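**Student:** Use the sequences and the hints to build the structure in full.
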Amino acid sequence: MENENRDFVTIRLAEQLCGIPVLEVHDVLSEQGITAVPLAPQAVAGVLNLRGRIVTAINLRKRLGLPEQEDGAVKMSIVVEYQGEPYSLLIDSVGDVMSFPEDSFERNPVTLDSCWQDVSAGIFRLEGELMVVLDVEKLLNFDIGQATAA
Amino acid sequence: MDDLLNEFLTETNESIDVVDGEMVTLEQDPTNKPILDNIFRLVHTIKGTCGFLGLPRLESVAHAGENVLGKYRDGELVVTSDSVTLILSALDRIKEILSALEETQEEPSGDDSDIINQLNVVATGGSIESSAPAPAPVEEVIDMPEITKSTNNIPGEVSLEELEAAFAAAPGPDDEDDNDEVTSEDDQEDLLSRIGGADAVQVIVHLFHNRIFGDVSVKTLMDGVNKRDSKVKMGDFFTACFAGKPETGPSVATTFESFILQGMTAKQNETVRRLLGIVLEEVELAFSDVEAVLAEYDTAAATILSEADKKAKVKTKKSDKNSSSAGAKGGDTSIANQSIRVNVQVLEDLMTMVSELVLTRNQLMQLLRSSGDSAFAIPLQHLSQCTTELQEGVMKTRMQPVGNAWAKLPRIIRDLQLELGKKIDLQMLGADTELDRQVLEMIKDPLTHMVRNSADHGVEMPADRLAAGKKETGVIRLNAFHEGGHIIIEITDDGAGIPVEKLKAKALKNGLATEEELDEMTDNQIQMFVFHAGFSTAEKVTAVSGRGVGMDVVKTNIEKIGGTVDLKSVEGKGTSFSIKIPLTLAIVSALIVKCREDRFAIPQISVLELVRASNDSEHNIEHINDTPVLRLRDRLLPLVRLDEILGMPKQEEDTEKEALKRKDDYIVITQVGSFTFGIVVDKVFDTEEIVVKPVAPILRNLQTFAGNTILGDGKVIMILDPNGIASLLSDSVTDSAGFGAEEEKQSKVANEREAILLFGAGENNHRAVPLSLVARLEEIDVTTIESSDGMPVVQYRGQLMPLVQLDATYQLKEEGRQPILVFADGDRTMGIVVDEIVDILEDDINIELSSAVDGQVGTAVINGNATEMIDVAYYIEKAFGTLGSSSTSGHTGTDARPHVLLIDDSKFFLNMIKPLLSAAGYKVTAVDSGAAALDLREKGDDFDIIISDIEMPDMDGFSFAEEVRESGIWQKTPMIALSSHHTPKDFARGREVGFDDYVVKLERDTLMSTIIEQIAKKQNAA
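Chains A and B are the protein sequences, given in the same order.
Residue numbers for the first sequence follow the numbering used here, so the first one is 1 and each next one is one higher.
Residue numbers for the second sequence follow the numbering used here, so the first one is 151 and each next one is one higher.
Treat the hints as calculated values from the structure; they're not laboratory data.
What you are looking at is a predicted structure, and each value in this text was computed from that prediction instead of being measured.
From the three backbone atoms N, C-alpha and C, an ideal C-beta is built for every residue, glycine too.
Possibly wrong hints are sitting among the right ones.
Here are the in silico distance ranges between beta carbons for each label pair [what the hints assert, rightly or not]:
hint, chain 1, residue 1, chain 2, residue 2, range
1, A, 41, B, 523, 42 to 50 Å
2, B, 1119, A, 83, 51 to 59 Å
3, B, 156, A, 83, 52 to 60 Å
4, A, 128, B, 799, 24 to 32 Å
Here are the simulated SDA-like cross-link-like pairs (lysine to any residue), alpha carbons at most 25 Å apart as the crow flies [as the list claims (entries may be wrong)]:
hint, chain 1, residue 1, chain 2, residue 2
5, A, 138, B, 851
6, B, 865, A, 50
7, A, 62, B, 746
8, A, 62, A, 114
9, B, 865, A, 138
10, B, 654, B, 703
11, B, 843, A, 25
12, B, 656, B, 614
Here are a few chain A residues that face chain B, going by a calculated C-beta distance under 10 Å [claimed, not checked]:
hint, residue
13, 37
14, 67
15, 75
16, 76
17, 79
18, 83
19, 87
20, 123
**Tutor:** So this is what it looks like as structure tokens:
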């Protein structure tokens, strides 16, 4: 096999390095005014206006069962699309677009927390740390999330 | 040519759709002449146009179909299911050819002789005794010139003989054309045949109409005219004229009615004449014929012009009459024909742009408001207004009646009936409910699928139905209506319902749920499994449905446009699907409110009014055990706090501040269906036009929201869904849009069981009155009782209310508070003085002893006690002295009590008359509208007599009687009209529409004797 590289937008989520395939990222936004939606599932932070489109904001920390960020931290977000609907994923910070060789890719370790297991498409071994590949499909498919949570 | 073809295609497709539907109606009602005529005319037009455009395949199929229809029309053939099927398949063939034609611009090659031969067999089969042997049709059709066909094969057309006779009799205006080469053959060659026969005239008339509509200066002449009707009329007129027999056709005045009405000027006449000339040249008539035709027209035009002149002087009255007669003929299509066709994409783009424009306008207005005085103010105001109007206009272009999506259903149901051997009655209500075109397109297929499903899975086989004690014919009912800014479409069947056990088993098998989960689910939740992919309970896969794709697709499609599907089903009773489509894609006006820190929009359409409640104002919020309520104009409204509904945490940190803030509450009074409630919000801003955007799928199951939108300031806010909030409040509210069959059952139960108020008064402690008659229960201070005219009265709500004692011996209390029952009749109120109110209970009122005592309907056993039922009507009369006392002449109840159907929209009268009638020994079924009564008829309930109110909303007594007399099982049932109007005119009208007698409301003796008389008459007749 050739050493093909895959490109990711790297993000930080509670110290953990994660990556989202670069082609799935539509926008990277700085902090936005978000309108909360009462009664919505926990992970839904609210809705926001992105150039005339209404985007549903997902709090990734809540989605992954991580503790809330301390106040004051800048909330960046990444806009992805799922089933034709735009979603913005709230994260701690955005890093560079990085390219990783295919051979440093590994499947999820079986012992990984089920919350992460659901949304991770695999792990990249980098120097010094590991990067979790986030699967946008699974991330936004709340049916599965809810089913396993139940 | 292309334009012509396109026009032909759209028009023919429309006609075919109409014929499709009409054929099904005809099959059910074979004697319906107008429908048959309409079908015949449409098919005939199709044939004629095909011939003109050189489409031999279409023409021959249409012609063969027309043959059969012609025989129907002449009564030579009886409309049978088989032949209707055949004609429908011919229509299908035409549709096929049309769609191929649309693709390739050319008529596809193919052989239709199979269907044509079948049609011909049918056509000849019924006309063996008619002298002319069936012509070998196919070849003849294609080869023969138009004139031969129409005369030989189409009964009802002007025949050659007639033309000949006409020619011989009349020295027609076309004499000079014929005089040269007179042979016996050429005798027939009058103007009509030279032009090419009646069909060619139709074509000319068709083109002529197009020209007129295409010319701005004369288009107005045709304003409000049904194009199709007008074409037929004009065609007949010219045909008759050209045949030299103008008296056989319609008169000039009727043919050119609209020309006259619109007051055609000489100049317009010139234009019209010129257009006609162009058309005639277009169809390549010989010059001399053109001249002859124009000469005919000139004769007519002279009359038109002089009539138009006259009309202009006495316009007012005539135009009313004429337009009404035109309306009666043209019906609802007249508007449709005043239309142009626009590519849908153009409208879509326009709509998108308008949406954006509205948003931008909103932003500008917002800026303007914050900047205060500005030179932009006035132009912006104007811009705003224009935008609003533009928006309304564009919206209107997109609205279509939901009936468009239903047009194909009767045909589908008919085919299914044959295929499956079931009997199904398809009822469609609210077909004119308008909804956005795009939404309509999206729900078309799901709807069809659901109706198909209902027919296939829902409705049982006739034998099974009979075994289950149902009528053989199943009913599938479609009902569309607006509710709270939503469009609701219900599809209800009275079939077998969805089998819960089967679903459970299947859900287990498919691993959708575990047994424990299933045990916890309600039946309704389990039934919702039908919306899962790969779920069909039909045992075998039929051609119709059961392939397991379907309901899930339906659901997805409806959710795609932000709608929801709900399902209620009772095994053995039926299933009801309710599709709710929100305001998606539409711009609505909404009230912006604030709750805590967030703003929300409430669709204006469901907002009744706004109330500000504070401690120092007229209104304030009161609490019953922590439940907030509001008194508003003698009504108690339930309230909900928006923050509570939205699950916002209680603000407890600063109770004092909170209390202060709470002093000033805004209440948005909201109506959903018939349910009114108030939503408490913190602040109300203004109303804003918002573009409703659907929420993301994850949020779609939130009942509280109808969508979200972007406000003028760029913020996203959520749109509250009053329906959703209402259903959160009480489950009973959601049921209002619910399950038809069940509702019917309940309403029937409610009919027989009544809430009864038991009270004690005087020596008798067991008296009762139907609770629904009682307006209020009050306790008054005896000191406030005054006396007027020897009668105790009390001031009540600014009026004097007479108090009535049940027994003459009964004394008012000396002191303290006196309970009274308040009855209202119209704006009069009356109080009945009682000792105590004992109880309210639900029971059958079955009056066992009818009473000879005034003021009593009779005695019934209620709660184990013999209870006197008081006759409220008597006391009302007594209190107001409108009528003298009267007693009911009674029958004693027998086993075979005559069954009376009572229809009155006023609950008061229903409740007043019903006990009266049951006391007189009748079995009474009471309904509150004509429509409900007709439902009973459909269900097959039979009655000995029908008593109906005249003044009712929606369907008044007159039209109800017409319906009853027109068809169905009640045609012979005696009917009595009940009305407060009693002019001789009303009497006459009542009798005319089918009432046997006419009784003035409140004349009880007359009513009783009339009923007895009518029933006796019926029995004698039987």
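**Student:** A separate judgement is required for each hint: does it hold in the structure or not?
**Tutor:** Here is how each hint holds up against the structure:
1. 41(A) to 523(B): 42 to 50 Å: 47 Å, holds
2. 1119(B) to 83(A): 51 to 59 Å: 53 Å, holds
3. 156(B) to 83(A): 52 to 60 Å: With Cβ atoms ~38 Å apart, the hint is violated.
4. 128(A) to 799(B): 24 to 32 Å: With a Cβ separation near 43 Å, residue 128(A) and residue 799(B) fall outside 24 to 32 Å, so the hint is violated.
5. 138(A) to 851(B): 19 Å, holds
6. 865(B) to 50(A): 10 Å, holds
7. 62(A) to 746(B): 24 Å, holds
8. 62(A) to 114(A): Holds, at roughly 14 Å.
9. 865(B) to 138(A): Roughly 29 Å separates the two Cα atoms, so the pair is violated.
10. 654(B) to 703(B): 21 Å, holds
11. 843(B) to 25(A): Holds - the C-alpha atoms of residue 25(A) and residue 843(B) are around 23 Å apart, at most 25 Å.
12. 656(B) to 614(B): 24 Å, holds
13. 37: 6 Å, holds
14. 67: Because about 20 Å separates residue 67(A) from the closest Cβ in chain B, which is outside the 10 Å limit, the hint is violated.
15. 75: 16 Å, violated
16. 76: Result: violated, 19 Å to nearest chain B Cβ.
17. 79: This interface hint is violated because 13 Å lies over the 10 Å limit.
18. 83: 7 Å, holds
19. 87: With Cβ-Cβ at 7 Å, under 10 Å, it holds.
20. 123: Check failed: Cβ of residue 123(A) comes no nearer than 27 Å to chain B, outside 10 Å.
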